[in-house]
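Enquirer: In order, the protein sequences belong to chains A and B. Quick note on the working numbering: the first sequence kicks off at 949 and runs consecutively. Quick note on the working numbering: the second sequence kicks off at 949 and runs consecutively.
Where hints are given, some of them may not hold.
Which copy? The list can't say, so a pair holds if one copy fits it or any two copies do.
Computed cross-link-like contacts, BS3-like style, restricted to lysine-lysine with a CA-CA straight-line distance of at most 30 Å [said to hold, decoys possible]: (1) K1363 with K1175; (2) K1131 with K1264; (3) K1260 with K1131; (4) K1256 with K1175; (5) K1041 with K1175; (6) K1256 with K1131; (7) K1175 with K1131; (8) K1260 with K1302.
To be clear, the hints were calculated from the coordinates, so they are not data collected in a lab. Note that the structure is a prediction, hence the values are computed from the model and not measured.
Chain residues, written in single-letter form:
Protein chains: 2
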Amino acid sequence: MSVGWFRRRFLPGEPLPAPRPPGPRASPVPYQRPRFLRGSCSSPGAAEASRRPDSRPVRSPARGRALPWNAGYAEIINAEKSEFNEDQAACGKLCIRRCEFGAEEEWLTLCPEEFLTGHYWALFDGHGGPAAAILAANTLHSCLRRQLEAVVEGLVATRPPMHLSGRCICPSDPQFVEEKGIKAEDLVIGALESAFQECDEVIGRELEASGQVGGCTALVAVSLQGKLYVANAGDSRAILVRRDEIRPLSSEFTPETERQRIQQLAFVYPELLAGEFTRLEFPRRLKGDDLGQKVLFRDHHMRGWSYKRVDKSDLKYPLIHGQGRQARLLGTLAVSRGLGDHQLRVLDTNIQLKPFLLSVPQVTVLDVDQLELQEDDVVVMATDGLWDVLSNEQVAWLVRSFLPGNQEDPHRFLKLAQMLIHSTQGKEDGLTGEGQVSYDDVSVFVIPLHSQGQDSNGP
Amino acid sequence: MSVGWFRRRFLPGEPLPAPRPPGPRASPVPYQRPRFLRGSCSSPGAAEASRRPDSRPVRSPARGRALPWNAGYAEIINAEKSEFNEDQAACGKLCIRRCEFGAEEEWLTLCPEEFLTGHYWALFDGHGGPAAAILAANTLHSCLRRQLEAVVEGLVATRPPMHLSGRCICPSDPQFVEEKGIKAEDLVIGALESAFQECDEVIGRELEASGQVGGCTALVAVSLQGKLYVANAGDSRAILVRRDEIRPLSSEFTPETERQRIQQLAFVYPELLAGEFTRLEFPRRLKGDDLGQKVLFRDHHMRGWSYKRVDKSDLKYPLIHGQGRQARLLGTLAVSRGLGDHQLRVLDTNIQLKPFLLSVPQVTVLDVDQLELQEDDVVVMATDGLWDVLSNEQVAWLVRSFLPGNQEDPHRFLKLAQMLIHSTQGKEDGLTGEGQVSYDDVSVFVIPLHSQGQDSNGP
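Just chain A, with the same shape it has in the complex:
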């Protein structure tokens, strides 16, 4: 069951609220802006339940608020397959205050109004329990706000100053900054990168303190100053769908896509494998019969393949094993970036996974102000449960089939999110007609980019 609830704003220095147990949560906690909706999700494994999801739409509190580019509203809907919610989500207004120069980290308390306003959408796909995803949904926006507030003077300048104070110590400082091509958007990218790292540290501390475990992927979209920033650490995905264009706004980070980075680390620090794994990649796990044969392999420095003669150490379990969606890092984890997992070890060993994981996201910038937006231009953000069964092209086809005929429907983005979820549940909907089934949690944001219809579309 899916119920929206408002939660109080959390500041990084404050103790985190204890992760809540999954399930319905019908008592909103009204508080100051920004308000965050958390759409509850369900855990994987409930294959039977996944065929008859009882999805209920949850409307975002961001609806009706003017986004920086005056888009209408965002919707989130979840698959609701079981009582545990490993998918978590958050969205809301991002209110960035200004700090007073020279006040040494003290906020200008007489002027508490926000200085810059953005919007934030985030999806977290948990594993090993919902704890990390819940913490991330509770924390990351606060980390981001803090990081953005720390550089806000640079954000609003024509070009970020060499010195945050604006003082010009060297006359040609502006020229140095210009030559490096540093723009305000680079500060937002830096803030997102730092916020993910900070959030990862918070999650590590909190999980340890509360004796919980787990990790999660994180996909975040932030609209600020006419641009949409998409930060991704994990295997969720965001795409822009327009009438004539499908543009990926993120890449997936899995043991397969980050093979060379992971193998390189094991090459530099072989002790991380404790003699239990082989760093090399082979088409399949080798066995005794392969000894002495020349078999296909690749190492950290290779994008191509070559042959090597198999020796005994090649028979160990591979650092990265399996293919495509089945690829696992150290036989354990299907993603190579994300938050949490500080305690995660290979079963029955002391081998840690965290050294191989990155919490830093890759950030893509979409210059929304430069797009000639059409009414039906949307960004679709979803966890891997959607993309496992629907390609970018299929999602775009569903978007383009649905939206133009429903322009008067105030709930059309909500219904589109619902339809996307339903398309993963093996329903013959007459659109994809293939009846594909996702056995994973599925969470979807549909974010309309166009300002038209913002008022008329509201219920």
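Go by the hints and put chain B onto chain A.
Expert: Just chain B now, with coordinates in the frame of chain A:
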């Protein structure tokens, strides 16, 4: 002065010929296939001379031979600015023999004929003297041939077998290979990657043995089985120019483009900087007045920028300093990949550059058989001396302006290479009309891709 000469084929196990002194070399040494032309080049710094180059065309011995896709011939021409040749080049036929299974590295001596034929073009831009570039021009093709011969059975199979012997130990081996998507071209990529590494090791040994120093970039194109492989380690560049398309076939590897990799290494091994350098990037070198200020910076994990408060360690010389073409690694080197430089140290210190350099190339594959080739489709390969003053678009414009009107000229590709060189020497040629001047060595290959005119174009 530019004179072509043939050299004897060198096998990796043999002692390398001593690097030859630069200058004219008019005594060809006829030998067996493959024959390699080395176009002699000149050293940087001769600014005055560079304005009046005495370029002489050198026709490649590859001319007239049927390339795998039946293209015509390749030409190379060099700027000839001084008596030292830091740019070196090689091209020729690549004859790959087949080894007998079970013969344990012994070649099938009764069948010395080549099994597979390709073509090879390479540019090496030396620094710290011509020694490494000369060694690379003498060695790399032999390393590559050896690496390709080691996997040739996989190259000619429909799909590379799991075991080089072709024996199927596990019945589903072909399926594993197919699921990994391993194709013959991956073996060529792997062979190029291994050949660059092997060549780097040979250069290291030879330079040490002969008491010489230096390094070089390497840009290699190999045509094999209907595909063109472009392997690049350094800041040379190859582009495909067609009537309606300009396609980059390589990326440049400089301290600027590989900043994060280099900073990451210094983060993991801070001792590599010996306390003399700071890993962090700032818009300019910091000085005492900056102490205590919050200035723009970025670290290894950041693609964006942020601010940090300057402390004393930030005043050290930066690991990567300068902008664009002026960016230097440890204040010394303008490239981050290449061959050689095993002995290179920061001036007056014991700090080595080699740990930060990669000899592995990035390989791009152009499926020539899939292109609907036009008569004037060419690949232009050139050292940075060309690209410093001409953009891809300007080079394409020169190609498209020149070739269509000269289709009957048997020397048109040669003349195009000459024109490209001349366009970097500040001549008002009525084409670019901007009179740009390159003070660096310039070497250019123009490789026609189309089979038409192969015979008629020969002199």
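Enquirer: Work down the list of hints and note, for each, if the structure agrees.
Expert: Going through the hints against the structure:
1. K1363 with K1175: Classified as within: same-chain Cα gap 26 Å, cross-chain 48 Å, threshold 30 Å.
2. K1131 with K1264: between (48 Å within a copy, 25 Å between copies)
3. K1260 with K1131: between (53 Å within a copy, 27 Å between copies)
4. K1256 with K1175: For K1256 and K1175, the Cα distance is within 30 Å only across copies (25 Å; inside one copy 49 Å).
5. K1041 with K1175: Close inside one copy (15 Å), not across copies (52 Å); limit 30 Å.
6. K1256 with K1131: Only across copies: K1256 and K1131 sit 17 Å apart there, 48 Å inside one copy, limit 30 Å.
7. K1175 with K1131: within (13 Å within a copy, 41 Å between copies)
8. K1260 with K1302: within (27 Å within a copy, 32 Å between copies)
Of the numbered hints listed earlier, not one is contradicted by the structure.
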